[in-house]
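Novice: Here is how the chains run, residue by residue.
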Amino acid sequence: MYNFNFEPVLAGFDKLLVGAALTIQLSVGAMLIGLIVSIFCAWGKTSGPLPLRWLVNAYIEIIRNTPFLVQIFFIFFGLPSLGLRLTPNSAALLALVVNFGAYGTEIIRAGIESIQKGQVEAGTALGLSKLQIFRYIVMKPALRTVYPSLTSQFIYLMLNTSVVSVISADDLAAAGNDLQSATFASFEVYVVITAMYLVMSVAFSTLFAAIQKVAFKYPLSR
Amino acid sequence: MLIRPFGWNEFWIIVMAAQWTIALSAIAFAGGGVGGLLVALARVADHKVPRLLATGFIRLFQGTPLLMQLFLVFFGMNIFGFAVNPWIAAMIALTLHASAFLGEIWRGCIEAVPPGQREAATALGLRYINRMRYIILPQATRVAVAPTVGFLVQLIKGTSLAAIIGFVELTRQGQIINNATFSPFLVFSTVAAIYFILCWPLSLLAGRMERKFSRATTR
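Keeping their order, the protein sequence lines are chains A and B. Take the first sequence: its letter number 84 is residue 86 in our numbering, and every next letter is one higher. Take the second sequence: its letter number 106 is residue 96 in our numbering, and every next letter is one higher.
If we strip away everything but chain B, and leave its shape as in the complex, we get (with noise of 0.2 Å):
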């Protein structure tokens, strides 16, 4: 057996894996909230079809773990006829998951913007798009900002599960890290403040934004 000690060469390994969740946790929000966009635009609209259908989506992906998201899409990708790429496997899971997430959120907030405001905008002949884009969602977006960012946080740490399905990231990297060295407490106190050190301004910024709508919102 050949262990190698925990050190500083260990140690910045394990923070560099860091970019691989950032980059992972930055696609799926992006690819998450074009999704997000659409899933809570037809969760709302006039027609009953797309309403049903987003809601199914979202009914799936908040009903079912994210890790077996995970799977399906890992081994569906290879039935389907794609070669397996877990960095590929990882993206698709989590953007999935994101806009289901993200959806449910964004239409939460899209209803909360007032009734009459939709009503106005129709009476003075505004459709659809029109009334979606210089009515409604800008006043939902200042109620949006605080809960995105909360799910943020909950997609970084989601990324960790693509370490089972072989993507190396921070979690992975440390696993790696921890069969090399063996000494599982200071690699896995290691991971979990990188990991807090990405999450927690996050998480106190989306506090501090909750509390600064909810004192603006209260009269």
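Okay, chain A solo, but in the shape it has when bound (with noise of 0.2 Å):
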């Protein structure tokens, strides 16, 4: 019968929290570049010129048809040889905001399309500018659709972001590795470890909830 022994984990255990940290410094970083990146698209893809849409119909079906981890070794053993060399935090980062923008790109341009166009035809009529238009009237309530798939996407970033141990970045996963091949308790670490990102996942699901009774708060009109 095999001994459970989580003593040299817990020993460790500090290890794992640096680890965690920068997993959730990873997640959201990547979230915030890539809801940038998002909308960017967003709005290419739905009003942009033509090059512009068929570039970022490429970028998305790029990205949603190919595996994280292929993507993630070609940006960071594939880009050096084009001249682009990168640091394992910072390709992982790069994957991350990427693959993030493909799919953060389909959900801002759902909500985008889901807004009337009386909406916008109104706004124009009381004299706003585009960009006005483009924040109040359409992103503001798009976001606000939206929003649930946002945040189960960006948990679905952050339990992803254990690929990038591949590379060794230095997240919770690679913490995991190190520690596993420090004290060969390698099953009693991935139990800890894989708690922790339970832990995470339901933490940041609470937290959006929380978000979302505080944000949009304000009520819909008809």
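Note that these hints are calculated values from the structure, not bench results. Predicted model, so just to flag it, every value in this text is computed and none were measured. Glycine is no exception: its CB is placed at the ideal position from the N, C-alpha and C atoms. Heads up, a few of these hints could be off.
[Claimed, not checked] Quick list of simulated restraints, FRET-style, between CB atoms: (1) I78/B - L209/A: 33 to 41 Å; (2) E115/A - Q9/B: 38 to 46 Å; (3) K38/B - Y4/A: 28 to 36 Å; (4) G85/A - I78/B: 39 to 47 Å; (5) L209/A - K38/B: 49 to 57 Å.
[Claimed, not checked] One side only, chain B facing chain A, incomplete, derived with CB under 7 Å: (6) F19; (7) T54; (8) L57; (9) M58; (10) F65; (11) G66; (12) I154; (13) F172; (14) F175; (15) F178; (16) T180; (17) F186; (18) C189; (19) S193.
Two independent chains are provided; combine them into the complex using the hints.
Specialist: Printed below as a string of structure tokens:
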């Protein structure tokens, strides 16, 4: 019978916490930058010039139909031959932004398309500028509509960050890999780390639900 | 150092490795289909216990990274006295993963069937099994096809993580070739292109079915 030994895991728990902090940093950073990319691409896809639409479409289809692991290998190992050399952590951030951007674009595009034409026309009639219309009339209600999809995409992104450990970025999964090769308590290490990911995803879901209550409190006008 | 160039030979080695990606995806999809049906049925069961168990199972697999699930099965096999085998570990982990996700997708489809259908079936004296078999599931299936194909794409991409526990499929073969030829740009472009060829038609199909279905159901 196997004897479970959690002591070495608990002894190295501070390292796991440091790793978890980087996982959160990477996820939040990738989401914020990725959101900007998404909003830009969603604008490009819905109202940009034709070549830009093709470009955005190609970007979305390529990213959504290839595994994240291959994307990160391509960025970390492939790009240096084009002269772009990145540290593991910045390659990880770049890969996460590129990945999240593609999914985020589709989500935000769906939100933009849910806005009725009359709304935009009403904005034009009121004399609002194009930017004002995009910001207040299109984006604000669109973000509210797609908020649940965006948050679940974020959780998915956070779980996906574990993959960046393969290029030895310093995230939680990498901290776990180090700890298991030092202690040989592989199963115990991964049980603890999996539990930590679970806690983080539950915590973020709760946080997002709380934010939703505060940020989207204004009533829906019908 | 022995570095060989990336030629047709290397290209074909990578292309041939796609069969393992396809095999792993097919097994996980078939296993996940059976498991997912059980999870979905448990999730909408009349009793509380199976409902809670299924919810816990889904939460656990949707709230943790697939990579950790692979690691846990891989190292867990050793603990429970089985020889460590990346092929079997990947198969089990991906099957469980697919069961949870398909279970949640199909639960949504079952609940999308109007409640009157269930009530009418109950009123006609149909018990749980017959009610599901003849009334609910046939209607839920129509809703389920598009998101199921969409998940298949996610599953095919997910099989790439089996490379990390050492199962030689498309991505791992790419890594191996890359180590021998050291032309990462070509190698990973090839690997990405093969995944794209596998996944893109499925994505298009899922999108088309979804649009067709939403047109059919909007009034």
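Novice: If a hint holds in the structure, say so; if it doesn't, say that too.
Specialist: For each hint, the structure was consulted:
no.: 1; hint: I78/B - L209/A: 33 to 41 Å; verdict: holds (38 Å)
no.: 2; hint: E115/A - Q9/B: 38 to 46 Å; verdict: holds (40 Å)
no.: 3; hint: K38/B - Y4/A: 28 to 36 Å; verdict: holds (34 Å)
no.: 4; hint: G85/A - I78/B: 39 to 47 Å; verdict: holds (43 Å)
no.: 5; hint: L209/A - K38/B: 49 to 57 Å; verdict: violated (29 Å)
no.: 6; hint: F19; verdict: violated (16 Å)
no.: 7; hint: T54; verdict: holds (5 Å)
no.: 8; hint: L57; verdict: holds (5 Å)
no.: 9; hint: M58; verdict: holds (4 Å)
no.: 10; hint: F65; verdict: holds (4 Å)
no.: 11; hint: G66; verdict: holds (6 Å)
no.: 12; hint: I154; verdict: holds (6 Å)
no.: 13; hint: F172; verdict: violated (9 Å)
no.: 14; hint: F175; verdict: holds (4 Å)
no.: 15; hint: F178; verdict: holds (4 Å)
no.: 16; hint: T180; verdict: violated (10 Å)
no.: 17; hint: F186; verdict: holds (5 Å)
no.: 18; hint: C189; verdict: holds (4 Å)
no.: 19; hint: S193; verdict: holds (6 Å)
The structure is inconsistent with the numbered hints 5, 6, 13 and 16, although it conforms to all the rest.
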